[in-house]
Structures are given as structure tokens and as C-alpha cells.
Amino acid sequence: MCVTCGCSSGSNSDTHHHGDHSHDHSHGNQKTIIDVEKDVLQQNNLLAERNRGYFYAKNIFALNLVSSPGSGKTSLLERTLTDLKGELEFAVIEGDQQTSNDADRIHATGTKVAQINTGKGCHLDSHMVLHAIEGMKLKDNSILFIENVGNLVCPAMFDLGEKERVVIISVTEGDDKPLKYPDMFHSSTLCVINKTDLLPYVPFDIEKVKANAKKVNHKLEIIEVSCTSGEGLQDWYGWLKSKMLVPETV
Amino acid sequence: MHEVSIVMSIIDIARQQAEKASASAIEEIELDIGSLSGIELSALDFAWNQAVKETVLENAKRTINHIEGRAECLDCNTVLQYNIITTLVHLAGDT
Ligand SMILES: Nc1nc2c(ncn2[C@@H]2O[C@H](COP(=O)(O)OP(=O)(O)O)[C@@H](O)[C@H]2O)c(=O)[nH]1
Ligand SMILES: [Mg+2]
Chain A
1 MCVTCGCSSG SNSDTHHHGD HSHDHSHGNQ KTIIDVEKDV LQQNNLLAER
51 NRGYFYAKNI FALNLVSSPG SGKTSLLERT LTDLKGELEF AVIEGDQQTS
101 NDADRIHATG TKVAQINTGK GCHLDSHMVL HAIEGMKLKD NSILFIENVG
151 NLVCPAMFDL GEKERVVIIS VTEGDDKPLK YPDMFHSSTL CVINKTDLLP
201 YVPFDIEKVK ANAKKVNHKL EIIEVSCTSG EGLQDWYGWL KSKMLVPETV
Chain B
1 MHEVSIVMSI IDIARQQAEK ASASAIEEIE LDIGSLSGIE LSALDFAWNQ
51 AVKETVLENA KRTINHIEGR AECLDCNTVL QYNIITTLVH LAGDT
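Residue numbers (my numbering), protein chains in the order written: chain A, 1 to 250; chain B, 1 to 95.
Note that these hints are calculated values from the structure, not bench results.
Fair warning: there could be bad hints in the mix.
Claimed, not checked - Derived pair list, reagent style DSS-like, types lysine-lysine, alpha-carbon separation capped at 30 Å:
#1 Lys61(B) <-> Lys180(A)
#2 Lys120(A) <-> Lys53(B)
#3 Lys61(B) <-> Lys31(A)
#4 Lys53(B) <-> Lys31(A)
#5 Lys137(A) <-> Lys214(A)
#6 Lys53(B) <-> Lys38(A)
#7 Lys137(A) <-> Lys180(A)
#8 Lys210(A) <-> Lys53(B)
#9 Lys61(B) <-> Lys120(A)
#10 Lys85(A) <-> Lys120(A)
#11 Lys58(A) <-> Lys180(A)
#12 Lys38(A) <-> Lys61(B)
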């Protein structure tokens, strides 16, 4: 039986119209057509919602940090965890194909951290994050940074249950990247432009990169920083705190 | 190559549906893939051939329906083609 229209296998051939598509199929010899109408990412989305519910219940502000390798995700975290120590409660999940290098760097700041190694995988998914948080005993009213695998393409499709997705681009990567990799900029809520201390040495037009980013996502917020010189970090900290201080409705 | 994850999900869903329907084999599978879905078809193809081995989909014929992206102008409701992510500016009267 066809699940969508409920036709039985009595007739030999039918034309079906299901929503915006139609197809022909025959109902002869024992063959059955099942209309599944399921998003292939449904399993990931389901577990992402589960993570989101957990974060919501504990008032954990979860961020998914995405960028190409080397844009400065871990550097930004090191600075943030050190500078805001004592002010806010943090925990970090590190995603990389191999090694615990980044987790070690985070651990050195005295922050609770879990490392996920994806092996051949090119992105984190909600299931991996679910497992990671099971063992972390996250505190209420804290910030959870999830550093995704360095990759400007694949992580875009995978909701982890985060509240905000932050895409980081450094000035050595070229100002056309938002147009070349639109999915990531489209699905993010904040863009951090890092390594502004290197602007004098590279032909990178910061106004152009902003315009390009806005072209694929007009709602995208943009913050310019240098993790090395510290310039602009106050804007990033201000953004973080503004997100944390959302008054709780009683 | 997140297409590998995509193919694995498809295999999972197909297996579940086949079990539910007490099917002995899946002969054909039809997929709707939109141009804005973030799936690269050649990568999907490559991942598919590797991933379906020894699964319910190993011998299934695969048909892909390409779904065009569409956008609707908020001012005049004109429906436009929208196949790459970028800002579209539509002036009433244009097509
Ligand atoms: N000049 C400069 N280098 C930076 C800055 N932020 C990070 N880096 C360097 O960029 C490299 C990659 O940084 P990392 O944080 O590991 O990037 P990730 O792969 O995105 O986590 C390291 O050598 C950092 O020292 C910055 O603001 N300015
Ligand atoms: Mg890193």
C-alpha cells in the first residue's frame, strides 16, 4: 500500500500526486512503494533537539564554533577562558579528527573539556555531542563552547543543538570566502573576523568580506578581533555576556 | 564529504522502512534532493557506491529528483529561481 495516498495493490498502474510531486508506479507483482517523506538528517535533528532541551533546562548557552582549520577557534577560546575566568562558568567540547592537542590547550586554562575525535569524520554531529555531555556534568547557567572540526563545508548541515553558530574567518583566508562557502555563513548567527593584527601585511578588504558575508546572510552579526593583540576582544566578550544575561522569565 | 553521513542516514531509514514493511529487498529508491540542500551530487555518488555495499540498498536502483530552489518576492509574490545562496533583489515588474 502506498502510505501517502492509501491506494491498495488492486489496480495495475496508477499516477500519484503527493504534494508537489507525482510519479507513476505499478502495483503488479508484490511490489510495494513506500513514500517515506523523511528528512535524511532527521536522526541528527532529533538528537540535536534533545541536546537543545538539555541546554535549555540547565540554562547552558551552547555555541558551535566553525571555521576552516587554523582560523583561530582554539586561540579565541584560550583568550576568552583566561580573560573571563571567574566572571562566567565555561566548559568546552573539542572536535578534531585526531589528537587531543586542542583539549590540552583548553585544559591548561583550567577549564573543563572533552575531546571528540571523529577519525575519518569531517564534522561533529549531535550524537557525538550527546555522548560528550553525558560525561561532563555541566553546570547550570554556564557557557558551553563546541569547537567543530576545521572545515568550512561539512559542519554546516549538522545541527548540534547549539543556540548560536559562530563562524570564524581570519584575514589570511581571502575576502571572497563567504561567497565561496555560503552555507556556513548562511547558517551562522555571528561571524568573527580574526587576526586583524595581520591586516597591514595581506591584501584583505575587510569591508568587502563584510559585504560578502551580508550578501549570503543579511542577519549575520560581525565582530573583528585579534587574538594575538587582544584588539576587539571586548566586543566579543560583550556579545557573549549579552547573550548570557537574557533575563529569565518566571 | 559529509555526504558519507547523508548516505548512512539514508541506509538507516531504508532499512527501518524495509523491516516495517516486511520487505525482502529494496529494488528502487527515489530521493528528492534540493539544489540548496548542501549535497554535492558527485560526492554523494562516490559515497553511495562505497557505503551501500552489503546493505539493503546494495542492489537498489537509485533515482534522484532534483528540486529547484525557489524564492518569493515579499513585495509582489513573484516566485523566482533561487539556486545559490545570495541576496536576491527583485524589483516589481522584473522577472
Ligand atoms: N597573527 C595572528 N595569529 C593568530 C591569531 N589567532 C590565532 N593565530 C594563530 O593561528 C594559528 C591557528 O590557530 P588555532 O587557534 O589553532 O586555530 P583553529 O584551527 O581554528 O583552532 C596558530 O598558530 C595561532 O597562534 C591572531 O589573532 N593573529
Ligand atoms: Mg582548534
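Right, here's what the structure says about each hint:
1. Restraint check: the Cα-Cα separation between Lys61(B) and Lys180(A) comes to about 33 Å, which exceeds 30 Å; the hinted pair is violated.
2. Only pairs whose Cα atoms come within 30 Å are accepted, and Lys120(A) paired with Lys53(B) is accepted, the gap being roughly 18 Å.
3. A hinted pair counts as satisfied when its Cα atoms are at most 30 Å apart, and Lys61(B) with Lys31(A) qualifies at roughly 14 Å.
4. About 23 Å separates the Cα atoms of Lys53(B) and Lys31(A), which keeps this hinted pair within 30 Å; it holds.
5. A C-alpha spacing of about 38 Å is found between Lys137(A) and Lys214(A), which places the hinted pair above 30 Å, so the restraint is violated.
6. With a CA separation close to 22 Å, the supplied pair Lys53(B) and Lys38(A) stays within the 30 Å bound.
7. The hinted pair formed by Lys137(A) and Lys180(A) fails the criterion: a straight-line CA distance of about 39 Å is larger than 30 Å.
8. Annotation: proposed proximity of Lys210(A) to Lys53(B) is violated, straight-line Cα distance about 45 Å (limit 30 Å).
9. At roughly 28 Å between alpha-carbon atoms, Lys61(B) and Lys120(A) fall within 30 Å of each other, so this suggested pair holds.
10. Straight-line distance between C-alpha atoms of Lys85(A) and Lys120(A) comes to about 34 Å, which puts the hinted pair past the 30 Å bound.
11. Distance check on the hinted pair: Lys58(A) and Lys180(A) sit about 37 Å apart at the alpha-carbon level, beyond 30 Å; violated.
12. The suggested pairing of Lys38(A) with Lys61(B) holds, with an alpha-carbon distance near 19 Å, which does not exceed 30 Å.
The structure fails to meet hints 1, 5, 7, 8, 10, 11 from the earlier list, while all remaining hints are met.
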